[in-house]
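A.B. asks: Those protein sequences? They're chains A and B, same order as listed.
Quick note: the first sequence uses this note's numbering, first residue 1, plus one each step.
Quick note: the second sequence uses this note's numbering, first residue 1001, plus one each step.
Everything labelled a hint here was simulated from the structure, so no lab data went into it.
Derived, one-sided and incomplete: chain B residues facing chain A with beta-carbon distance under 7 Å:
1. 1163
2. 1218
3. 1241
4. 1245
5. 1248
6. 1406
7. 1481
8. 1484
9. 1499
10. 1515
Below are the BS3-like pairs computed for lysine-lysine, each with C-alpha atoms no more than 27 Å apart in a straight line:
11. A:518 to B:1518
12. A:343 to B:1343
13. A:457 to A:429
14. B:1032 to B:1457
15. A:32 to A:457
16. B:1429 to B:1457
All C-beta atoms in this analysis are idealised placements derived from N, C-alpha and C, irrespective of residue type, glycine included.
Protein chains: 2
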Amino acid sequence: MPNARLKFWGWGREDTVLGAEEIRHLESAYAKRFGLSSYEVTPTPRAEDIALRAPRVAVPGALAEVCSTDRYERLLHSYGKSFFDSARVFARDFSNPPDAVAFPRTEADIVAVLDWCDAIAAVAIPYGGGSSVVGGVEPPRTDRPVITIDLRHLDRVLEVDRTSQAARIQAGVYGPSLEGQLKPSGLTLRHFPQSFEFSSLGGWIATRGGGHYATLYTHIDDFVESLRVVAPAGTLESFRLPGSGAGPSPDRMFIGSEGTLGIITEAWMRLRPRPTFRASTSVRFRDFYRAAECVRGIAQAHLYPANCRLVDADEAMVSGAGIHAILVVTFESADRPQEQALKRALEIARAHGGEYEEPAPGREGAQREGAAGQWRDAFIRMPYFREVLTPRGIIMETFETAITWERFPDFHAQVKAATERAILEATGKPGLVTCRFTHVYPDGPAPYFSFHAAGDKPRMIEQCWQIKIAASEVLNRLGGTITHHHAVGRDHRRWYDRQRPELFAQALRAAKQRLDPKGMLNPGVLFDPA
Amino acid sequence: MPNARLKFWGWGREDTVLGAEEIRHLESAYAKRFGLSSYEVTPTPRAEDIALRAPRVAVPGALAEVCSTDRYERLLHSYGKSFFDSARVFARDFSNPPDAVAFPRTEADIVAVLDWCDAIAAVAIPYGGGSSVVGGVEPPRTDRPVITIDLRHLDRVLEVDRTSQAARIQAGVYGPSLEGQLKPSGLTLRHFPQSFEFSSLGGWIATRGGGHYATLYTHIDDFVESLRVVAPAGTLESFRLPGSGAGPSPDRMFIGSEGTLGIITEAWMRLRPRPTFRASTSVRFRDFYRAAECVRGIAQAHLYPANCRLVDADEAMVSGAGIHAILVVTFESADRPQEQALKRALEIARAHGGEYEEPAPGREGAQREGAAGQWRDAFIRMPYFREVLTPRGIIMETFETAITWERFPDFHAQVKAATERAILEATGKPGLVTCRFTHVYPDGPAPYFSFHAAGDKPRMIEQCWQIKIAASEVLNRLGGTITHHHAVGRDHRRWYDRQRPELFAQALRAAKQRLDPKGMLNPGVLFDPA
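Whole structure, please, built from the sequences with the hints as guidance.
C.D. replies: Here you go:
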């Protein structure tokens, strides 16, 4: 049975929406929080009702099999999945769609599409799963035609090397298909971002995606063994190596390049056997900062838990996981039992005032229930909430960062306060700002903030920007990165430009000029259009 | 008491040379191996006897305190520490010295020196400890004046952040001083390359040096939290962050740039508490490839031993550690006992035919003796051997690489055979080629080859090049990196150029052009002179 179409107006496929009970639960929770008596619900847009600019290009005959100017495809590829995208979708604002969408099946197709873009002076936007929440796949406002290149058909695991535990994989494959194809080998990439179902390997690499591992292997970066990239200036491929010290790493120039330097078509990725041993529990803390100190202790003990997510009390409450800050600690291994490591982590937790039930040996199922399980279920459902909240005038957005430990408590307090203040100023009502750690390092955490506010539908986008700008300004002033794993896209440019050393920006721009002489690739992302 | 001067003709300081007994031992071992009845020993060169080109520059008055044209300094800064360097030293060939050597005390001094270089169209060679074994600090043959910039006075730990376990450190500091300054904090960088005593933080970063850790944190790269760099086009500094996903990493462009993109002046480095728990033992194997399979097992179990060095039987014999392949496995931690991890590693070793004595709990001292201790002592003394062997006509050189596991056995056999064949062809006599693993990854090892040959003194350099070229050609053809942690320098250029994707080379060259518009910095290293 073929898959249902992807929603152009929300997360995932058209046949997967929240159930009536889930919607009632969300409605009631937000109504209570913001004192709303009822909702006026904007109906879900229908493709045929949307006014859409005629394509500014005609697809040449040779590319007819590869390129589409279909209305639905142009709608689907107009936006990523941020609140701003959702709000524009429900406002029926598709004023700047791509003119055509290419679905190459081979690298030769990509080259042909880029040649066409070159011939018609078009902009080309590399597109994986389209899960960007930073404006990374949205067409720029330009008089040039815009061709989006959707890599979904480059979806094969081409080669598995069981001896070295690595595989050569096409970049357009989505998470579930990638893991499904690896399954017979017993190996796994185990990169599970929240977007896992609808994001691609190439997208993860191009945006330095953060995944499953809370420590040690936090970004996709470290799993890349080699890359193959098609740029307007040609094709390049790095040597497949477990490690090297030969000059600046070629891979590291393309990892995080967000489609501006070339289109990643393949990668050799490092894998590992599916874990068979697991030890996990959750710890309650009455104080978030003491919990953070505990996480620092675990990180600096170099215990390397696979999961070490700290959720503050407000976020735990929102997800139904309780009224305390919750730390979920999980160790996993394909080689040996992990109880010892968990025991040591719990000693550290206890020393920092953490409370927990002694993990019951061998009862992994039980550990999957409880607060940790509650939180994980909510985590996976979360991307679906937006298409329910936005049409009800609720602003829900997130931003994430990283900061060294010695600055963290003040940083957290100031960013949270500034965001709360901005919500009040923008909407006239108090909102909710919560924080969790998605990843942690010996030298600092990666705090991930969510904010919720009752918006005024016609002004929601402006209100949300006002909040995001206020938060980002404080975060930037206090030295946090403008993005730990969501990427820069268009939305973070103004802060990225201030954080990125200016001479590095110039050097990188010179490199881009060589790889993409006409500034065809994703102009406005990372760099200003040429 | 002030330190003795550094030897311009060998390793370390003038007051540290091998003792008569050590020399006799070396002489007798090599005599036996190569059937030599006696040695004609070239005397150690004296600075005053060497014909030296007059400096092609006059140091301007404003830089008189910072720059020297002293004979000894120009000799010292003429070469690194490879066999080729040693052979040229003993041949009294100092035909291409730097014209002056700058010893900046501040960043402002560096800027002033670069300004002077710019004004006189000079070449500038950044210089840390001068321990390069790849021609990384040697002046190019050029009509332009050459100024070497020795950073030894930028030698302070400026700031220690105990909370985040990191420190801001000047790039010119040598290993022992760096660790000495960190000592009061209880923190350590624990980066111990063989060159530790006479190499600098900036040099480690610029060359992607490999250090203490055999697994996980193999290169200095991962310890860099942020960098400060002075380039001819200006100064840049990256944000201090535990992790980030904001575009391609600025630090990764300069890590491994070998002095060609800018001069690293400071770095925030990640530290850790000094380890207090240790579990270590050595395992004997009758077959090197079975030992390699054992190392693969340990690496793929993600046990992360700090040391996991496999030494083949020939190398074990040379260093007096026995007649078998020896695997030294060490776990260390500042947090908890490591016996469990060692026990698991030994289970894996036993399954692969490894033999060992059960480690005696609490007898760490004893573990430091035995085969592992023998090998470590030899490791630290090794750089001193060259100044004894070269004047006796013995060629001793090393090269190192990395390769994925599935190719390793064939790769090792072919590289070793090609090197042995080349020694026979170049010298007319069989030589000795040994191999160890310096670092290992889940997806492959970093094999380090040493070769020993009886050379013909007037032709030694040519003979050694003949061997190195033959080995590198095979290594390159079979897909190994041309350098895992020694860097590219001038000596590896011809293979690096073939391994580095051409489009990446062009992009990086464009970046260099922006940072160093006149091609002042280390021309010929990584890039051709402009």
